[in-house]
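Given chain A's structure and the hints, the job is docking chain B onto it.
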Amino acid sequence: MSKQTSSSTKRLIAKLGLVAVGMFGFGYLLVPLYDVFCQVTGLGGYVNKGPVEAREMVVDEDRLVTVEFVANVANYAGWDFKPTVARMRVHPGELYTTTYYAKNLANEAVVGRANYNVAPGQAARYFVKPSCFCFTEQPFAAGEGREMPVTFYVDPDLPKHINTVSLSYTFFDISG
Amino acid sequence: MTVATHAEHHDGPPSSFFKRWFLSTNHKDIGSLYLLWALLMFFVGGTMAMIIRAELFQPGLQVVDPHFFNQMTTMHALVMIFGAVMPAFTGLANWMIPLQVGAPDMALPRLNNFSFWLLPAGSLILLSTMFMPGGAPASGWTMYPPLVLQTGMAFPFMVFAVHILGISSILGAINIIATVLNMRAPGMTLMKMPLFVWTWLITAFLLIATLPVLSGAVTMLLTDQFFGTTFFYAGGGGDPVMYQHIFWFFGHPEVYILILPAFGIVSTIIPTFSRKPLFGYSSMVYATASIAFLSFIVWAHHMFTVGMPLSGELFFMYATMLISVPTGVKVFNWVATMWKGSLTFETPMLFALAFVVLFTIGGFSGLMLAIAPADFQYHDTYFVVAHFHYVLVTGAVFSIMAAVYYWLPKWTGHMYNERLAKLHFWLSVISVNVLFFPQHFLGLAGMPRRIPDYSLQFAEWNMISSIGGFVYGASQLLFLAGVIICIRGGKKAPSKAWDGAKGLEWEVPSPAPFHTFDTPPLVK
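Quick mapping for you: the protein sequence lines, in order, are chains A and B. All residue numbers in the first sequence are consecutive under the working numbering, ending with 184. All residue numbers in the second sequence are consecutive under the working numbering, ending with 1523.
The shape of chain B in the complex, shown without the other chains:
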């Protein structure tokens, strides 16, 4: 790589709004676009969640009709996964990976622009299905045939939206791998990379290995519906259960795509506010790689009840339980990092600590679900809903919020309002537990998921859960306010915003200039 000498590279951002934001090839601007789009989709998907909780506030049908309820559960998941969490992590990667490895930009800046703009395109196609005859997809985000084939006009649009969002993520992942492997500053060996970079590198490999499989699966659905193939139609020699195998071959690595970058974020924040280096750096790297590998051989634990032979149930049960070993390594390393550290509790640290505790609760309920004979009781109940919301909301989403508070000073040049942020944290962490913890009880008592009505004995916990949901939803407006206030002004942030922070990103001024590391820094 040669050092840029073109004068244009030393200019600031283009003065025209259109040129700066629509034609951008700058990793920081594209990172901001990803993050803002993810924030928008977070509120769109959140609104759907509010509708779900409003309907479940009381037994009986009062707010929406059942078909629309099913559309909401389906779209809430698709929007949150493909529109909010994955783009938010990609946005963080765009902003931080070049800064953390000392690169001037992503390896392929124009491809980066293309990856981003596929995202609003795909998201809008997906959202537009709500206004089509027959409504949005209502078969659950897993899109199981034959039910999904009963989707109306929305069906092909859903498939194309999945294709487009998949291509966007695959291109983004290729770009990240190329940046990490080829553009690190001299002296930055792989084992000196910050953990956020490491976890993203491994996530990117998961993305290019599994999203094409999802694209294949939905393409098979498409040809089954319109072109007479019978991949999943028993009458033509196909098998609907095979869809579940193919889907979860993608789907299980996907849940690690949604959580590995979170591990990287937490591994960055906890050492900063403990004022100690991360305990067990190399074991963190190996644990991440082990989790990624194991994620490919556990998929059928999502479908223990389809009628697998005993040997299959046992294999997938033990393989799944094995994942708790590397995950346990991580949790113990985080705790050991804090041991005898000089801890302070700024908002990023609070979110990171809440992540460690609450993600671990989600991990434990996952371990319960992994027990194949017990899973027959838990399968498709609210226990599963509680489990994956603990790992995805208090896991992935909390880590994203931690990351946003942690790096906002670097992005905007201003400190965020600590009081407002703390209020956001405490309201969120209390309400999210009021929201999801009772769902464990509902599930163990037998309340099925994806049903708009329920038996009377579930009424109390559902009402409590809904109240928690509304408070959690409303608290996120404080997050929005905090981010907007921080973008518009605030206390000037020094280049090293946190006194315990380590890493190249804190060696450039705050806000980070439009171009950084035109000359690669030397890492010792």
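Only chain A is shown next, with the shape it has when bound in the complex:
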């Protein structure tokens, strides 16, 4: 072939190179897409990532839903972290408050933050928290322990076949 690569080949190479670079970017684009997709659909137990207005609604006195509270500590960090009650029987539509207890076992001040997840995923969008300790960073002095409140209600529209909802928190040390 000739020493000079033909111009049509050069254009083709440039386009293909752009595709490759574009797909590298697409890999990164999947990150926000994934978040948006989960938030819109509530898939994977994603719940609204901030306080929500409590709205007036009719309390469904005939129905009882079990809410289970789970606590995890990430990376074996030095925390004692547990729900004060393990489960509650609640009426959909009624506002409840419960607490989690966290204690810093370390000899220095640390900042913690809780991430949360609702199971089953289908229940996620019906589980509403007007206020939660997980919306903010939680500073702890060395050895300090305290109870942290979470206010929630279960939307009466929760599908009928769901009788148990688990709320799981994972506590992370973010002072790092």
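Hints in this document: simulated from the structure, not taken from any laboratory. Since the structure is predicted, the reported quantities are computational estimates derived from the model, not experimental observations. Take these hints with a grain of salt, some might be off.
[Said to hold, decoys possible] Interface residues of chain B toward chain A, partial, derived using beta-carbon atoms under 8 Å: (1) Leu-1107; (2) Leu-1180; (3) Ala-1233.
Glycine included, each C-beta is placed from N, C-alpha and C at the ideal position.
Leaving out everything else, chain B in the frame of chain A:
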């Protein structure tokens, strides 16, 4: 494109060894380099497999410690996928695509040289991690966080090795697309191209669409580890499951990258030894394109157990099952090609036939895995290991061996030793089934993959599987011997080595001269 008139183009290869092999821009020499490197890595990765099977020969820990076992399973996969199978297909593409489309060389010969030399560089970086503090990566080839972030010194080297091998494959793919689209001989329309060229063209598009996504995913791992990003760290708002989505968005098309060229090879060999044209040429092309398209929308079947909603499970289950339609078209076309043909059973044909039967078994176990509710039982068991070794060893690797035996006469100018090759085939095809078929039973009985020890009830099948593994491993030395003997001498091969063979590559002498098709042939 103008016809070359420079005198240098009509010379033979450069006389200096360094100039010929290190600075080569010749598609045939670069193709040979790719194939030889792939052969070397096949034995390196194979040695790791032998260590795995030796440890699993009996229950309990006796040969290696568990951490080293995990390094072996991880490195075996990475070396075989990125070091052996992909380069072998690229080598075949380099050798055969210009010959099959009547082009004098690849579109970008110097880029071709660069693509090749990135391969040993990346492979050696990957292999060097075995000698680093903390050992080689041991988290499985899928590199899931957070486990992969516990890799020691080897972690950044693994990421860079994936980057380099990825760039090598992307550049190779761009070169192949440019060659196929711009350098075909006059008269060779797209729908007259040999199927090997077609399947490679589609594979090349898969490569440039998905390998950059893998590069992105491992780059995110790298920045998570060293630069404080939290793509996959829940404490910072990330999600480790997202890695699995991004990885398998690459990973599923990747398995078709590893098998589509094999379809092309088998579609070349079966008509030759059936002495009939391929049945359903255009349906083969469309089936290949359909498989490529579907490969982008099925990725989450690798992760049915992460906790997807029912609608997701159903979508990915049905989309996955849909793939068996175009694949079935291919299998039936191969069978129809043989129908009433004058069949002979030289070694390439034997490997191609074994491919059709055994790849189909792998396809069926894939269909079983696609059933989302059943997958909860099969997930991460030896059933999965059996499945993907049927499609990758008796699928991809057998097709490469078929291709090597088929085109060796063209490359070397000598016929290979048919008796030795047949011995290699029969030992391989029997031992590979002794090796992998019992793994179905182990998986269905619940033996997990990637664990160096197992319960006593799995002992018999594991021992049988290991024996099959050692025989299969040893038989590949016959392949090595056959290739070396064929390079060094043997019966002179005519330009058309197989009497039923069709295609431009059989119109040039054997061995193919250093420069071919300086004047493009006219295709009617």
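So, going through the hints one by one against the coordinates:
Satisfaction of the interface hint for Leu-1107 (chain B) is found here, the shortest Cβ-Cβ separation to chain A being roughly 7 Å, below the 8 Å cut-off. Look at Leu-1180 (chain B): its Cβ gets to within about 6 Å of chain A, closer than 8 Å, so that hint holds up. Below 8 Å, beta-carbon pairs count as interface contacts, and Ala-1233 (chain B) has one with chain A at about 5 Å; its hint therefore holds.
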